[in-house]
Amino acid sequence: MSDTTVLIVAVLFWLGAWYANNRLAALTPQNERTKFAINLLIPFLFGASLLALWEGITRGFSVPTVLLPPPSMIWERITNSVPILWADFVQTYVKAVLTGYIIGCSLGFLIAILVDRSPFFRAGVMPIGNLVSALPIIGIAPIMVMWFGFDWQSKAAVVVVMTFFPMLVNTVAGLAAAGQMERDLMNTYAASYWQSLVKLRLPAAMPFIFNALKINSTLALIGAIVAEFFGTPIVGMGFRISAEVGRLNIDMVWAQIFVAALAGSLSYGALSLLERSVTFWHPSNRR
Amino acid sequence: MKIKPRNAFVPVLTIITAIIAIWYGAAVFMNAPFEWDQAERIGKETNWSAVVPATMDQKRPVLPAPHQVAEEIWKTTGAMIEKGRPFSKRSLIFHAWVTLSATLLGFAMGTMLGILLAVGIVHSRVLDKSMMPWIITSQTIPILALAPMLIVVLNAVGVSGLFPKAVISTYLSFFPVAVGMVKGLRSPETMHLDLMKTYSASRAETFWKLRLPASIPFLFTSMKIAIAASLVGAIVGELPTGAVSGLGARLLAGSYFGQTIQIWSALIVAAIMAGLLVALVGWVGKIVSRRMGAREAVA
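Here the protein sequences line up with chains R and E, keeping their order. According to the working numbering, the first sequence is numbered sequentially starting from 1. According to the working numbering, the second sequence is numbered sequentially starting from 288.
Among the clues, some could well be false.
As the list claims (entries may be wrong) - Cut-off 27 Å, straight-line C-alpha distance, at most; resulting in silico cross-link-like pairs (DSS-like, lysine-lysine):
hint : chain 1 : residue 1 : chain 2 : residue 2
1    : E       : Lys-484   : E       : Lys-496
2    : E       : Lys-370   : R       : Lys-214
3    : E       : Lys-511   : E       : Lys-496
4    : E       : Lys-484   : E       : Lys-511
5    : E       : Lys-470   : E       : Lys-511
6    : E       : Lys-470   : R       : Lys-35
7    : R       : Lys-199   : R       : Lys-214
8    : R       : Lys-214   : E       : Lys-511
To be verified - Partner residues aside, some chain R positions facing chain E, computed with beta carbon under 10 Å:
hint : residue
9    : Phe-46
10   : Val-226
11   : Glu-244
Because the hints were derived from the structure by calculation, they are not lab data. If you're wondering where the values come from, they're calculated on a predicted model, not measured in any experiment. Don't be surprised by glycine CBs; every beta carbon is placed ideally from N, CA and C.
Hey, can you work out the whole structure from these sequences and the hints?
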């Protein structure tokens, strides 16, 4: 297919998808399943038409691949360099992100439970935690690289610090979420501190905790990738991105971004599924 | 549960004092090995009473003590003003301004984009159904990974300086605003919407007189998040340009040359800036809400 044909086909596809979406959105099906399918189909068509336009414009107007490579070229690069992408993924995601995420989240959770026992500390920690959550914590990356060396440990350390505060603040807020009535009920049952914590307050805090887990899943990936800009062994997603940008291999950069996007959305999706099964009682999950 | 700021004053002060005390302790602990090592190399006997003060005053400490950072910040801000050169390249005011301008431009563009998207989404079913899932997905993507590419590519076509950084800030800040505004524009109750209908108000009138005023508290709540995100975007956007100017560049230059005090002072200035920006947005929001008699946003 010549490049002009690609452009024409892409524009036609985009117009068709736009028209189809207009019609689909106007439908009001009674059937739950059809509704679900339509709600899935519309964003899918929208995304597909964006991809088609991207392909059509970059090839039709022969945009230099240094500026913006067409999706087909990026896909080719992805399929051709699976070993490299996999090695980078293991280095950045499996080693740095997961380790840091688990340590940071559990630390934030445990400290929150400790802090929660004293109203004095709770009053002091909340404003500070909220402030710190708004700070550009990513800036500690160069310090961590100096302290923990070039390998993944320093990236995990950045992730620990970045994920700690959202978890702390959300868990403390969540532990206050159980209603007074329910707490009084636990008291009348002569429930001990731990019993009411495990059976009432932690379950009530779950929506907050999952909120933090979701925020952190994105933050962790960002932290690890940006920390690699400050110094790294010759493997890792952040390293690959900065190195290939320097050599103007933009398709490789997009391939890395694709992997990062996939990892990010999959972990987010997994957390959402888990949340739905843990907090099935919450109003937002009721049908 | 809401904590009144006045009741929180003593606890916050206590915790800050504790943090500074821990910081000093950590500085001694982390810098001491270097001092012992130095003393051993020149074959000099030394003891803790000599080592501890020395750890407070190293040139390139592993962890600078708080007063060293404070001194460095003063040297690069206040002292520069006294010398009458507040915008020299060595002054942190200059670098902070570079970062701040990119942050503000990106924040303004991101807020505009977010509001426009939200208006579109609220008024069109197609946009709602086709774009909302993608807007949410776009935030699960570690977009900062795009930063170096964006900077280099835009540089290649001759766009450099402020704008590429602002683009990254825009991307980071549009999302909270879009989501918050969608919530806000949908916040009027059915009763109020029905009332507008009985007045035979047009869509535009309903928008200007009901939906928009109702959304203002939501807008400011999400703008607080957006401006913090913008600052992060601007700082990260300064990393790949090769450490020319800006707080991000100071971080990078500091890490190249092992200037820990410089890194920490840039970091603290960035933190102060983030705190001030968020407080400023919150303050403006409070004034606007009071003037409009608006209700609190229930996110």
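Numbers of unmet hints, in rising order: Checked against the structure, the hints that fail are numbers 2, 4, while the rest are satisfied.
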